[in-house]
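Colleague: Next come the chains, spelled out residue by residue.
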Amino acid sequence: MDSDFTSADNELQHDVQPGSPHARFRGEHPIVVRGLTNRFGKQCIHEDLELKVNRGEILGIVGGSGTGKSVLMRSIIGLQNPTAGEIEVLGRSMTDAEPDEEVGVRSRWGVLFQGGALFSTLTVGENVEVPLKQFYPDIETDLRHEIARYKVILSGLPEEAVAKYPNELSGGMRKRAGLARALALDPELLFLDEPTAGLDPVGAAAFDRLTRELQETLGLTVFLITHDLDTLYEICDRVAVLADRKVIAVGTIDELLALDHPWIQEYFNGPRGRAAQASQEREQARIARAAGPEADTPAMDNPAQGGA
Amino acid sequence: MQSGAHFSLEDERSHGSESTGARLLLTGPYLVSTIGGVDRDLRSINGSVSTVDLSGVTEIDTVGAYVACSLAQKHGAEVVGADERASRLMKAVGPSAGGEANVRPERPVTLARVPETVGEGVFEFGGGIKGLIAFIGALMASFGTLILHPRRFRGKALVRQMELVGVASLPIVGLMSFLIGIVVAQQGAVQLRQFGAEIYTINLTGRLNLRELGVLMTAIMIAGRSGSAFAAQIGTMKLTEEVDAMRTIGISPMEALIVPRILAAFLMMPLLGFYAAVMAIIGGAFIADLTLGIPFLTFLARIQEVVPIYDLWVGLAKAPVFGLIVGIAGCYQGMQVKDNSEQVGLRTTKAVVQAIFMVIVLDAFFAVFFTKVGWA
Ligand SMILES: Nc1ncnc2c1ncn2[C@@H]1O[C@H](COP(=O)(O)OP(=O)(O)OP(=O)(O)O)[C@@H](O)[C@H]1O
Ligand SMILES: [Mg+2]
Numbered sequence: 001m002d003s004d005f006t007s008a009d010n011e012l013q014h015d016v017q018p019g020s021p022h023a024r025f026r027g028e029h030p031i032v033v034r035g036l037t038n039r040f041g042k043q044c045i046h047e048d049l050e051l052k053v054n055r056g057e058i059l060g061i062v063g064g065s066g067t068g069k070s071v072l073m074r075s076i077i078g079l080q081n082p083t084a085g086e087i088e089v090l091g092r093s094m095t096d097a098e099p100d101e102e103v104g105v106r107s108r109w110g111v112l113f114q115g116g117a118l119f120s121t122l123t124v125g126e127n128v129e130v131p132l133k134q135f136y137p138d139i140e141t142d143l144r145h146e147i148a149r150y151k152v153i154l155s156g157l158p159e160e161a162v163a164k165y166p167n168e169l170s171g172g173m174r175k176r177a178g179l180a181r182a183l184a185l186d187p188e189l190l191f192l193d194e195p196t197a198g199l200d201p202v203g204a205a206a207f208d209r210l211t212r213e214l215q216e217t218l219g220l221t222v223f224l225i226t227h228d229l230d231t232l233y234e235i236c237d238r239v240a241v242l243a244d245r246k247v248i249a250v251g252t253i254d255e256l257l258a259l260d261h262p263w264i265q266e267y268f269n270g271p272r273g274r275a276a277q278a279s280q281e282r283e284q285a286r287i288a289r290a291a292g293p294e295a296d297t298p299a300m301d302n303p304a305q306g307g308a
Numbered sequence: 001m002q003s004g005a006h007f008s009l010e011d012e013r014s015h016g017s018e019s020t021g022a023r024l025l026l027t028g029p030y031l032v033s034t035i036g037g038v039d040r041d042l043r044s045i046n047g048s049v050s051t052v053d054l055s056g057v058t059e060i061d062t063v064g065a066y067v068a069c070s071l072a073q074k075h076g077a078e079v080v081g082a083d084e085r086a087s088r089l090m091k092a093v094g095p096s097a098g099g100e101a102n103v104r105p106e107r108p109v110t111l112a113r114v115p116e117t118v119g120e121g122v123f124e125f126g127g128g129i130k131g132l133i134a135f136i137g138a139l140m141a142s143f144g145t146l147i148l149h150p151r152r153f154r155g156k157a158l159v160r161q162m163e164l165v166g167v168a169s170l171p172i173v174g175l176m177s178f179l180i181g182i183v184v185a186q187q188g189a190v191q192l193r194q195f196g197a198e199i200y201t202i203n204l205t206g207r208l209n210l211r212e213l214g215v216l217m218t219a220i221m222i223a224g225r226s227g228s229a230f231a232a233q234i235g236t237m238k239l240t241e242e243v244d245a246m247r248t249i250g251i252s253p254m255e256a257l258i259v260p261r262i263l264a265a266f267l268m269m270p271l272l273g274f275y276a277a278v279m280a281i282i283g284g285a286f287i288a289d290l291t292l293g294i295p296f297l298t299f300l301a302r303i304q305e306v307v308p309i310y311d312l313w314v315g316l317a318k319a320p321v322f323g324l325i326v327g328i329a330g331c332y333q334g335m336q337v338k339d340n341s342e343q344v345g346l347r348t349t350k351a352v353v354q355a356i357f358m359v360i361v362l363d364a365f366f367a368v369f370f371t372k373v374g375w376a
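These protein sequence lines map, in sequence, to chains A and B.
Quick note: the first sequence uses our numbering, first residue 1, plus one each step.
Quick note: the second sequence uses our numbering, first residue 1, plus one each step.
For the record, the hints were derived by calculation from the structure and aren't laboratory data.
In this text the structure is predicted, and so the values were computed from the model without any measurement.
Here a beta-carbon is modelled for each residue, glycine too, at the ideal position from N, C-alpha and C.
Possibly wrong hints are sitting among the right ones.
Chain B regions said to be covered by chain A (calculated; three or more residues, Cβ under 8 Å) [unchecked claim]:
#1 24 to 37
#2 62 to 76
#3 91 to 101
#4 104 to 114
#5 119 to 129
#6 337 to 347
The calculated label-pair distances, taken between Cβ atoms and stated as ranges, are [to be verified]:
#7 B/Gly-4 / A/Arg-26: 14 to 24 Å
#8 A/Glu-281 / B/Val-109: 53 to 63 Å
#9 B/Ala-245 / A/Lys-42: 28 to 38 Å
#10 A/Asn-167 / B/Gly-374: 52 to 62 Å
#11 A/Ala-117 / B/Arg-43: 31 to 41 Å
#12 B/Val-80 / A/Gly-104: 32 to 42 Å
#13 B/Thr-236 / A/Arg-282: 39 to 49 Å
#14 B/Leu-346 / A/Thr-252: 45 to 55 Å
#15 B/Glu-242 / A/Pro-271: 33 to 43 Å
#16 A/Leu-257 / B/Thr-236: 38 to 48 Å
#17 A/Gly-56 / B/Glu-10: 31 to 41 Å
#18 A/Ser-65 / B/Ala-168: 31 to 41 Å
Based on the sequences and whatever the hints tell you, model everything.
Modeller: Here it is, written out as structure tokens:
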């Protein structure tokens, strides 16, 4: 059944030598995009796009539907050959490499696709095992099963889900299973395309916390595409705004709010933006109050406006 | 020795009053990339371990933390010397350490599995027959509705499918038949020459192709070309829930997807079969001109004289039936796809194999039948 996914033993694993750790990336920017241009026929998606992601940060990518966030991610991970421009991931050029070429970074990133993209003939656990088998065939079967199991639990799925097939899961559960697979190799870089879309608010908040927790414990750099304002406020260190075929601004939300670009203002100061902002303030006030009775908590008696 | 992960066992007896067990000292990087080398040895440690010491660990990730946690759990040991990162990681993975890991659904033991598989096979076979009858019933019902409400008929879809099934396969069917015509005529001539009956090559080529080969080979080609396409396309649409989406919008997949395809196969097969027979005869005439010395036009003129017209009717009567079989097999198998992408492949294969098998079986029946009714 899973013969498509067993690694070819006779083929050299160019990417990693089992048994020896590969050096973690120590540079400043694990992702560097310079002058990226993407065209589909006459339609121009990106033009001269520039972006640098700092090591160890969660960078949120926002932009209207169809502004090319997913295409940007696909370009960075080398699935989409850009029309022009240069992309470096973990210090290696992706633009010079063919889509299936070993560029030595595939074992060091995890990707969660917008649609989950689980292998439908494999159980969730086996899905998680695919990258493990591919890159570290010397891991014993028992341990591999156990790793798969704890990754699945870590992603917030119940234990029973390990032996289930993707078509037996709900949409939100498939997202989590996709995350478990993305985390299979303890990557340095995590690409998430709308991870919380389709999750219930409690699940989404837990997912946010999980992302933050993983980012802090594993020292991950996270490239996070989202439409979820709560996610942006809760966990993103910086936010990059994609509009007019470019990244028009990168910075903390406060820095972005200081700009007066109409789309940014609309985005963060629309009704939903204000609601997320207010809930963020409430949350901070709650934390402050819990910290000590003498802590100043004006926000609790006087909640921010527009918090509907 | 720098790169790999290692461990050593030290007895703890020295500083305590009683023996508490050993101290397990882990050294080096404990990462997903290095764990493969030590995991088996770590598992085979038996005897009591009282502490797992991580102070020698240079680098750690969740896999390393997991291994440390499950070691500690297995031996009831305590973990010491963990730095901040290691303790965080262990806190995250600790709760899921230990315990059975089954990545596949549970399978019954072999003894139970054999009768179970056989039973499932029997039920599947029965269910398959029932399903097929239900499918044909639903198909007839759809045809009925469409006759009562002709405005719901999807003419455009039908034309599109006729183009795909019929027009697009003209080159390949033509070439195939031309070559078959050449082979039949040439081989026939070699045999008939032994009796000095070379002239009967014309009868052979004309009758065989009009009656049997033209339609049969076309049906096989269409099963491979269009039957598989029906199954794969409808199957993929089932997987991506497109078929379900149609239903919710009030579009009947039967009317929108299946009727046009089956009708297209039904209508195009006679035309393609006739075309194939003609191409085969041209192939025969061509080779006869080259090697037998029968002029091309003479060959064609003789065909008219030696081939009875009912040979044409026999061929043309079989063709739509074969078209129906190919169409129904493709669409039925496509609609049976569920769960995963592997099913698309399996069902497509089944569609083609079943269609070709049924076509050949029916062709044998037809051969006997038409001979019995006197169209020999
Ligand atoms: N393979 C393709 N061929 C042609 N156009 C494409 C292709 N892929 C994407 N596009 C176009 O590129 C644009 C950006 O698509 P993309 O999927 O990146 O949007 P997005 O920003 O991720 O939107 P969303 O937030 O809805 O996911 C869209 O206008 C889309 O039509
Ligand atoms: Mg997208």
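Colleague: The hint says 31 to 41 Å between A/Gly-56 and B/Glu-10; measuring C-beta to C-beta, is that right?
Modeller: The hint (31 to 41 Å, Cβ to Cβ) holds, given that A/Gly-56 and B/Glu-10 are roughly 36 Å apart.
Colleague: Using the C-beta atoms of B/Glu-242 and A/Pro-271, is the stated range 33 to 43 Å upheld?
Modeller: holds (35 Å)
Colleague: 14 to 24 Å was suggested as the range; check whether the CB atoms of B/Gly-4 and A/Arg-26 agree with it.
Modeller: holds (22 Å)
Colleague: Could you see if the CB distance from A/Ser-65 to B/Ala-168 stays within 31 to 41 Å?
Modeller: holds (37 Å)
Colleague: Using the C-beta atoms of A/Leu-257 and B/Thr-236, is the stated range 38 to 48 Å upheld?
Modeller: holds (46 Å)
Colleague: Okay, the region 91 to 101 of chain B and chain A, do three or more residues pass the C-beta test at under 8 Å?
Modeller: holds (count 7)
Colleague: Evaluate the given range 28 to 38 Å for the C-beta pair formed by B/Ala-245 and A/Lys-42.
Modeller: holds (30 Å)
Colleague: Under a C-beta cut-off of less than 8 Å, do 3 or more residues of the region 24 to 37 of chain B approach chain A closely enough to confirm the stated coverage?
Modeller: It holds, with 8 qualifying residues against the three required.
Colleague: Kindly confirm whether 53 to 63 Å is satisfied by the beta carbon distance between A/Glu-281 and B/Val-109.
Modeller: The hinted range 53 to 63 Å holds for A/Glu-281 and B/Val-109, with Cβ atoms some 60 Å apart.
Colleague: Given the hint of 39 to 49 Å, is the C-beta distance from B/Thr-236 to A/Arg-282 inside that range or not?
Modeller: holds (47 Å)
Colleague: Report holds or violated for chain A covering the region 104 to 114 of chain B, Cβ cut-off 8 Å, minimum 3 residues.
Modeller: holds (count 3)
Colleague: Note whether the CB distance of A/Ala-117 and B/Arg-43 lies within 31 to 41 Å or breaks it.
Modeller: For A/Ala-117 and B/Arg-43 the Cβ distance comes to about 33 Å; the hint holds.
In summary, the one numbered hint that this structure violates is 5.
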